Structures are given as C-alpha cells and as structure tokens.
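J.: Dock chain F against chain H, hints included.
Letter by letter, the chains look like this.
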Amino acid sequence: MYIYLPIAEMSVNVLTILLMGGAIGFLSGLFGVGGGFLMTPLLIFIGVPAPVAVSTGANQIVASSISGVIAHWRRGNLDFTMGFVLLAGGIVGSSFGVLLFKFLESLGQIDLVIKLCYVVFLGVIGCLMLLESIRTILQVRQSGARRRKLHQHTWMHGLPLKIRFRKSKLYISALLPLGIGFFVGILSAIMGVGGGFIMVPAMIYMLGMRTSMVVGTSLLQIIFVTANVTFLQAISTQTVDVVLAILLLIGAVVGAQFGSQFAVKLKGEQLRGLLALLVVSVCLKLAFDLVVTPDDIFSIVVANNG
Amino acid sequence: MVRRLGIITQFRLLSLAVIAMLCATGDKAAAQDLIADLSSHRVDITTGFTGADLLLFGSVDDDGDIVITVSGPRETVVVRRKERVAGIWMNTRSMLFDNAPNFYAFATSRPLDEIAPPEVLARQQIGADHLRLRPAASDEKLSPEDEATFRTALVRRKQVQGLYASDPGQVTVIAGKLFRTQIHFPANLATGTYTAVVYLIRGGRIVHAQTTPLLVEKVGIGAEVYTFAHRHSAIYGLAAILIAVAAGWLAAAVFRKV
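Protein chains in written order, with the working numbering: chain H, 2 to 307; chain F, 342 to 599.
Chain H with its partners taken away, still in its complex shape:
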C-alpha cells in the first residue's frame, strides 16, 4: 500500500515506514536515545529529501520520547531535577549552536562538518563505551556479585554550586549537568539530532548516574530539544511532513514501549555494550561512505527558486 507524502513530494510504501518507525522506536525505548542519528540516514536512504528527513525525524522523536518518558516515569526511573538542569544548559547550547551552524555554513562545506562530527563523536563515544562495558561484564564474571561503588571522586566533585539530586542519589555541582546540556545543545543544532547518544554516556560516566535512571532522564530533555527543532523548521523551511511523521510515530510509539519493557530485563552493562555496538557500527558506516569512491561523483540538487 502506497501513500503520497505532501511535503516530501514522493510516494512511499506504508509498511516500510511503519517498520522503520517501529525499529527505531524500539531502540529509543531501550537505550534512551532519540534515534535521530539512525532515522535521518534511513529516511534519506529511501529517497526522502535531506531537509525533510531531518525535520520530520525530529517531529517523530518527540512522540517516541514522550512515550518512553512516561514508561520510565512509571517505573520511577526519571530524575526531573536533573532533566531540567540539563535542559537549561541545552537551550543555551542549541541557541549558540544555531549561530555556529550559520557561521560554518558561510564557510561552505557544512555537509562535511556534519559528517565528520558524526564520525568523530560516534567513534570516540562508541569505542569508550564498548571497552568499558566489556571490562565490566568480564569483571562481574570473575569476581561474582561485587558491590559497585556509586561513583568515583574526581576533580569534578570540587566544583561549586552543589545540588542534591535525590532520585539519582547524587550530590554534585549543577555546573556539570549544565555544561553537558550546553555541549549537547551545540551538537544537536549542528548535527540535527536530539543528542541522546552523547548525553547518555556523558551522564553515566561523567555524572555517575545509574544507567536505568539515565535513559528516562535523557529522553525528557530530548522531548524539548526536538519539539523546538520541529517548530523552528516548520516556520523557517516548511520541511516537516506530518503525513510521514504520523506514519513513523505510529511505528515508533509502539516500538518504544516494547523497547522500554525490554530494557528492564537487561543489565546496565549489557545495555551499554549494545548501545556502544550500535554507535560504533553507524560510525563505521559513515566513515566508510566518506572514504569509499562513490558510484557517481556527481550529484544534483534542485535549488529553491521560490
């Protein structure tokens, strides 16, 4: 069954889109990532124009994040205080990121910057997480159920403005989550994603939060970031395709529920290991595309002669 997308101006198979939405929703509920870094390339792959893919992807992520947040909140895996401190940093960061984006655009080669950003961040984060989770899994096997320390004390704990995050059982400086939010905000403006795949590891390793708590809290921040992107794209570029978004989100909200149910069954380090594998494979694919000789070195784009 085919349906014509009014904004993307193409017809697509309904089933393909539903399945794509479902698969990405599942990952989103499982890992607490918005899935934008998977959704956008997939949509472009099936022929959706890149700007429509970015904006519509953001719109769909709003839905799957809400679905995921509610599911995690019911299980008590949501730290609102932490979420809003991150968000405050994120709003400042994404505004700064939009300015940076314009600057890079004026220099040309914004596409390349975006791709390199993906490769570098996905690569570094993915590898670090993969190593860490393998080490943890091996340690647990060797020494049985040794009680893990809540977190390690480093220079970061000497920072001022300490706040007690009750849900996360943390007493740390508010500057840390603010800084993470700010940094992720910049990246999400440049890369057009919610930033979950960067925030999740940052919260685990830098803040020392529990993996189960991180997922819900990260999704909370993603809702606001992607809603903001949807709105800004709708008024400035008119590239949000609601028909495509509705199809994607039907699949995604269902997938996200299964994902978050499945997440409970996995151990923290297994969850991190799987996310790391996913991140590393996307990174390798992107790096491969940059280096390998393309089928056709020419490409065409219809200029907007509005």
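These aren't lab readings, by the way, just hints derived from the structure by calculation.
Just so you know, these numbers come straight off a predicted model, no measurement behind them.
Under 7 Å between C-beta atoms, here's a sample of chain H residues computed to sit facing chain F:
| no. | residue |
| --- | --- |
| 1 | Ile4 |
| 2 | Asn60 |
| 3 | Ile71 |
| 4 | Ala72 |
| 5 | Ala228 |
| 6 | Gln239 |
| 7 | Val241 |
| 8 | Leu250 |
| 9 | Gln258 |
| 10 | Val292 |
| 11 | Ile298 |
| 12 | Ser300 |
| 13 | Val302 |
Straight-line C-alpha distance at most 25 Å; calculated DSS-like pairs for lysine-lysine:
| no. | chain 1 | residue 1 | chain 2 | residue 2 |
| --- | --- | --- | --- | --- |
| 14 | H | Lys168 | H | Lys266 |
| 15 | H | Lys103 | H | Lys116 |
| 16 | F | Lys423 | H | Lys286 |
| 17 | H | Lys116 | F | Lys423 |
| 18 | H | Lys170 | H | Lys266 |
| 19 | F | Lys423 | H | Lys103 |
With beta-carbon atoms standing in for the labels, derived distance ranges:
| no. | chain 1 | residue 1 | chain 2 | residue 2 | range |
| --- | --- | --- | --- | --- | --- |
| 20 | H | Lys103 | F | Ile576 | 23 to 31 Å |
| 21 | F | Asp508 | H | Lys286 | 30 to 38 Å |
| 22 | F | Arg434 | H | Met207 | 41 to 49 Å |
| 23 | F | Pro527 | H | Asp296 | 16 to 24 Å |
Backbone N, C-alpha and C fix where the C-beta goes; we use that ideal spot for every residue, glycine too.
T.: Relative to the frame of chain H, chain F by itself:
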C-alpha cells in the same frame, strides 16, 4: 514562483512562435494536417499517487514521422562534483543550470537519427541529449569540456531518478493516419504546467507541430496539508508537535495495561 511562471510563459510564447512560423511556411491547410490530444489534460496527485500513464493520440493527413516530446516546468539545478581531498570525498565544484526541465520524455515512430539530422533535433530540443542546458553565468571561467561533463552528469542523474527518459517511447502509427503513444509519469513528479509537443517530420524537416498543455496538481488532503504548511507555518508546527505529544501519550496509556 513569479520567476518560474515567467519562464513558463516565455517557453509557451516561444513554442507558439515556432508553430506560427511552421504554419506560415508549411502547407495551406496546416491546421487540419495534424491533430493531437491527450487522454487527460490533468494529472492529479492524490494521496494514493504512484505515477500515471497518459495516452497521447491524434491523426495526421500527411506522410512523415511523428515525434512527441513532453517536458515539465523549468527549474534551477545545482550539479556538484566530488573529489578526493586527503582521503575523503567532498564536494569541490558545482555548476548551476537555471533552465532545466524538471521532467522530459519523448517518443518517436522510428529511431530518432533516421528521422532528422542532429541540427534540427537540437533546435527543437528533441531527445535528452539535445536539451538546451546551459550553466548560469558565474565568475568562474568554464571550459567547454567541464561544461559538457556537468551537463552529461545532470542528464544522467535525472535519468537515474526516472525524470528524464533514456530511451524514446514508441509512437504507433495505424494505417499511416492515426498515431498513439503512452507517456509514463513517475511518482516523484513535480507540480506545474507541462507541455506536450507533437512534431510531424518529413525529409528531415519539421512540417507541423502542435503543443498541448498538461497540468500536474496536488489534490485532496495532501494538497491541503501542503498549503497549510506554507500559509500558516507556525500553527502547522505547533500542530505537528501536538500530534506527536498526543500519539506518545496515547501509546503509553494503551501499553500501561499490557
């Protein structure tokens, strides 16, 4: 939009002028010698649109070959070329073609090279190789070889997208009088005014030509969504967010019981 309409109008005037010229130099009863029509003058892009086939048919009173071209609205296309820089493929050069038809198909009653010499085909832009595609003026000096490579690339990419015909369709002529051909329009069709031109060619010369317009439009819910997104973009954006919020909440509520 204004510019695009301007281009279409220019194009129409040009074709009219060509026909007028041909009629003046041709036989006296030119108007009756070639009659052609489309099975429909509209292609409606509905919610279930997966492409369309139109029948172009007509009758001819003279000997000769029939050539039919269908071209879409003109648009500006950027052609980019990648080069390997420090091991990474990046876009290095680009060229702007500001008068490329969005869609181009043609059909002939015999192989094109047997019908007319290349000069005639080039003048009437018959065949994808004869489309008049020129890069827009730029500060950069363009060598003819570069221009040709980029032009070929543009046609090739359009053919890959299914928007330019690689091979001509077949015009079937019955009893030397009636002719017909099927024209396929793919699903990724742009909206606008298309032009079908039927040529009667005899001895390598075009003796008659007839132009028929064709309108491609979005209709139904799709058209309304598109218009709304462009006219009331802020409300559209908010609505899109609300739909997403509602859907997410609904899914969570439904799955609570599971």
